[in-house]
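Spelled out, the chains give:
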Amino acid sequence: MITALQSAQSKRTAMPVPTARETVLELRGVSVDYGSLRVLQDVNLSVGSGELIALLGPSGSGKTTIIRSIAGFIQPSGGEIVLRGNDLAAVAINRRNIGMVFQSYALFPHLSVAENIAYPLRVQKKGRAQIRSRVDELVDLVQLSGHAHKRPSGLSGGQQQRVALARALAMDPELLLLDEPLSNLDANLRREVGEEIRRLQQRTGTTAIMVTHDRQEAFGMADRIAVLRGGRIEQLDTPDAIYRRPATSFMASFVGDANLLSGKVLAVDSNGSVVTTDAGPIRTNDIAAAGAEVTLLVRPEDIQLTPVDDKIGALVATVNETFYYGSSTVVQLTANGVSLQALVTGSLADRVHSGDQVALQMASADVVVVANDVDAAS
Amino acid sequence: MAPMMLLFLAGFVAPLFFVLRFSFDHFDASAGQSGAFTAEQFIAVFTTPLYGDLIVRTLGLAFATTAISALIGYPLALAITRGPGFLRGALMAIVMVPMLTSVVVKTFGWSVLLSSDGFLQSSLDAIGLASVKLLFTPIGIVIGLVHTYFPFMVLSLVTAVGAIDRRTEEAAESLGSTRSRIFFRITLPQSLDGLAAGSALTFVTSMSALVTPQILGGGKVSTIVTVIYQQATSAQNWPLASALGVVLLGITLVILVLQAWAVRRATR
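Sequence order for the protein chains is A and B. For the first sequence, the UniProt record's numbering begins at 1 and goes up steadily by one. For the second sequence, the UniProt record's numbering begins at 1 and goes up steadily by one.
Worth double-checking, as some hints may not be accurate.
[Unchecked claim] Distance windows between CB atoms, simulated:
#1 Gln130/A to Leu71/B: 30 to 38 Å
#2 Trp261/B to Ala129/A: 31 to 39 Å
#3 Met1/B to Lys125/A: 55 to 63 Å
#4 Gly162/B to Leu260/A: 45 to 53 Å
Keep in mind that the hints were calculated from the coordinates and are not lab data. Glycine residues also receive a C-beta, built at the ideal position from the N, C-alpha and C atoms.
Model the full assembly from the supplied sequences, consistent with the hints where possible.
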């Protein structure tokens, strides 16, 4: 028992825990089994006050299991879930004071918008006047004035989403859980609603955990992202760190387009290393052991394309195809038989055509060494 | 379409028309039925306390049957829609068996169980409730009616409860509700259309039942239908039997209208 706790704590120290914020929720070594199938494995997570954490992962990675365990719909088979110092194992679902926004919204179809939002207040036996003013306030907050008397079936998807949010916020929850909050919305609405949720969460100072399989949602809304894979947290960090410095090659490709180049460390100095890859020698600011086999990550947008004779020593590649996406153009390249992808913005794209020879430039600060992926599921 | 319409007219509308026509005929105990156009049967039905009691008793039996069926039906419907697989099959079989058994067989079975030396009456006697009699009383009739007609209620509720998004109940629970509040504020309101349909079916069928009140009432407890039967067969008073039949039909129509109204309210 003691050793398990110690190992859990030592793992936790490896992760960046917000120091300035008061801890609201802590998961300590939480595991969940469905029969003989282990769907969550030793999950540790600490959520600070007012923070929004995104659980990002493919389907089946256990992210929904985590929030359903926090809400109380799933009993973990091991570990502790602690909310403001109280172990939740002994706390009934209806006494946890955790607001949940369901993926399907789960609005009460037989009640109006106002009655839906008033529901938790009625449960708390608040006074009539108090309920009315709180409901009015929330209806304004989620911009549904004029819709308060309607049934949920008379609202658009985005409006229903906001009712679900207002209903969860009405009870002034200690913690807000959002299960795939944007997945039932039209693609062109998602960013707008996501930004609106983020704004509301920050304005109300609500501590929140959201589940998503969409990395853009996670990047746009969260203070920190926990990437899940096979029931474990693979990496927990700020969106920037997750994108710039992914822990593994799996992470690198999961959170964005990635050029992954394996090679051998040729030389090391105080400024970094030079790695020989099949595409050619590449410089990185990371220090690696000389002679080690490593994998380098270069994001497509960090590769600059220049005319060949411009610089000596740069990698030379052939343009295979270009794909124009308006604000950016994706350029597929081959350098010494290695396929690479570059992202070109602005007018530069007009000058790149398939069949061209181009020189590739990348700042050594933008090239990072990532650990070779070991299958997390095994 | 046309042949179906003819069949419908000949087999369904015509008999009803004749019942309606007979209900306005004149009846004399010595001379029997004679063609007329008089409301005397209806006046008798609505002014004689005997018939007023009959109507109230019939409605009371049907209401008790419906209420008890709903009380049994909800737990059953919840268990069938949400319980483990083996339980669903077993409970569904228990619900369906009464529907697949002859009502005469079922009712004679009950008359044995309810009789003075039967298991249920002996049990009551043993716990000091000997004054409560089962056979040939309204209690016995309601027991028989519930057994015969509660499947209508359960099947309606199974459909309605099965259509509820269970996340709405989880949402209510996370918003602080107790189990009972979830049932009364979330589950029940969302299954009101099923409750209305099941109640209408149970009420109307138990109100129109003949065999169960006939056998379990033993002539001591009469309902509109047992009186219709008795008037049409032994008394040969078809005008009175028809008038009572028209009253019964009228009550049925009122209940169906009420049900439609309740469903519209619930699904508005």
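Tested hints:
1. In this structure the supplied range 30 to 38 Å holds for glutamine 130/A paired with leucine 71/B, their Cβ-Cβ distance being about 36 Å.
2. For tryptophan 261/B and alanine 129/A, the hinted distance range of 31 to 39 Å is satisfied, since their beta carbons lie about 34 Å from each other.
3. Separated by about 60 Å at the C-beta atoms, methionine 1/B and lysine 125/A satisfy the suggested range of 55 to 63 Å.
4. For the pair glycine 162/B and leucine 260/A, the supplied restraint of 45 to 53 Å holds, since their beta-carbon distance comes to about 49 Å.
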